[in-house]
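Generate coordinates for the entire structure from the input sequences, incorporating the hints supplied.
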Amino acid sequence: MTQATKKETPLTLDVFTAGIWKENPVFVMMLGLCPTLAVTNSVLNSLAMGIASIFVLVCSNALVSALRHFIPKQVRITTYIIIIATFVTLVDYIIQAVSLDLYNKLGAFIQLIVVNCLILGRAEAYASKHSFTKSVVSALGMGLGFTLALVMLGSVRELLGAGQLLGYQVFSTQFEPWVVMILPPGGFIVLGSWLLLINYLEQRKTGQLIAADSASQCAVKAESFS
Amino acid sequence: MSTPENQIPEMPSSTKLISTLAVVAMISGLLVVLVYEFTKPIIAENQRLATERAIFKVLPKATSRLTFVVEQDKLTLADDKSAGELVYAGYDANNQLVGIALNAAAQGYQDTIKLLYGYQANSGCITGFDVLKSTETPGFGTKITTDADFLANFKCLDASVNEQQSALVHTITAVRNGTKQNAWEIDAISGSTITSNAIGRMLDKSGQALHPVIAKNLNLLEQAKSTH
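Chains as they are written, first to last, in this note's numbering: chain A, 1 to 226; chain W, 227 to 454.
The reader is advised that the hints may include incorrect statements.
[Unchecked claim] So the derived list for chain A, only partly shown, Cβ under 10 Å to chain W, looks like this: (1) L11; (2) I54; (3) I71; (4) I83; (5) A85; (6) F87; (7) L90; (8) L100; (9) I182.
Just so you know, these hints were derived from the structure itself, not from any lab.
Backbone N, C-alpha and C define an ideal beta-carbon position, used for all residues, glycine too.
Given below as structure tokens:
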């Protein structure tokens, strides 16, 4: 893990952990929000989507990084999309082979991994400039961070929206599920709440909990949404 | 993303661009073909198992089954891979016909809902169903498989064939929750009206088309296993 690579900055644990928390794709970089909001209505769906994304992210970034000296700048985006689409197709077949139930649940969102900007973003911003090992390690971290974020959303939504976790009943039958949580608006509410909590904790840590500051932060976040 | 802060790179020849794309596309094609060929039999087997599971779920008394394909007004013995409308007949250990499983599909709230339902030709009852494909809203449309009141509709949903063997005696319809009066009506789930209506429509469509054919070929179905 800490083995240094020539010329580039050494491969440190930071390369791996950055994606999990400090540069978390969902909570910090706000990338890949479409699947984040769409499939996180249960923990299992979140987990499956996360694993599928990790696979595509790691494989495509590995290939992009390996071919980075051969790909001319002018056709790089086309090439990245071909590579990403290939691995998405593979995941599509593999999930069908593993479980048809899961495939039917995830529906169109597997194919939509192609346009997940997290994956293209990492290919362009990281894998095309860094060594093979670093790209793979970074992609793994980013993928895990993405999965973590999906599961964080999924568990809250499943718990409140169905009273269950991973299909097991958690609350007693007297609990009336908040159905809104498993519907699309619930995705926005839970994502917003997590962002609020995470940003609050982050600011408290740096001792900058000033109203004006948080307002400007919100404006920046709102911009990155548009 | 990347900013071209260094001087504008020279435009490589188009041959290089094209050959790069060609090489990448070939690697991609190879990978896809390899995985496709590898997973194809597994996926086919999964689909077969899913159908199998559904058939024995809607026909709990069956221990074996035969597949028939509908050709105009005739039923002919076929295998699961045959094209056309398939009819699955379930038999018990004594080779007696215990029910028939049929496919039905209709547009639901988000996408087509597909299900397999059990039909008793002698009593004209639809006795249950299993959802094969559904992307209905969780918490609303998905209740069709869990709501006890809704499932009570399928103890014996009347889908009997008229005397001319041309259509059903009564049109199967979904009615507003709590207003079911007749055996051919489906008591809709309150809040899942669109999904409930879709179930009503698909059962009626499938029933009108297939139940008369089954009525005409009932002897064949009943004897198929013992003579087979």
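Structure-based check of all given hints:
1. L11: For A/L11, the interface hint is violated, since the closest Cβ of chain W sits about 21 Å away, which is over 10 Å.
2. I54: violated (17 Å)
3. I71: holds (6 Å)
4. I83: holds (7 Å)
5. A85: holds (7 Å)
6. F87: It holds, given that the least Cβ distance between A/F87 and chain W is near 8 Å, below 10 Å.
7. L90: holds (5 Å)
8. L100: holds (5 Å)
9. I182: holds (5 Å)
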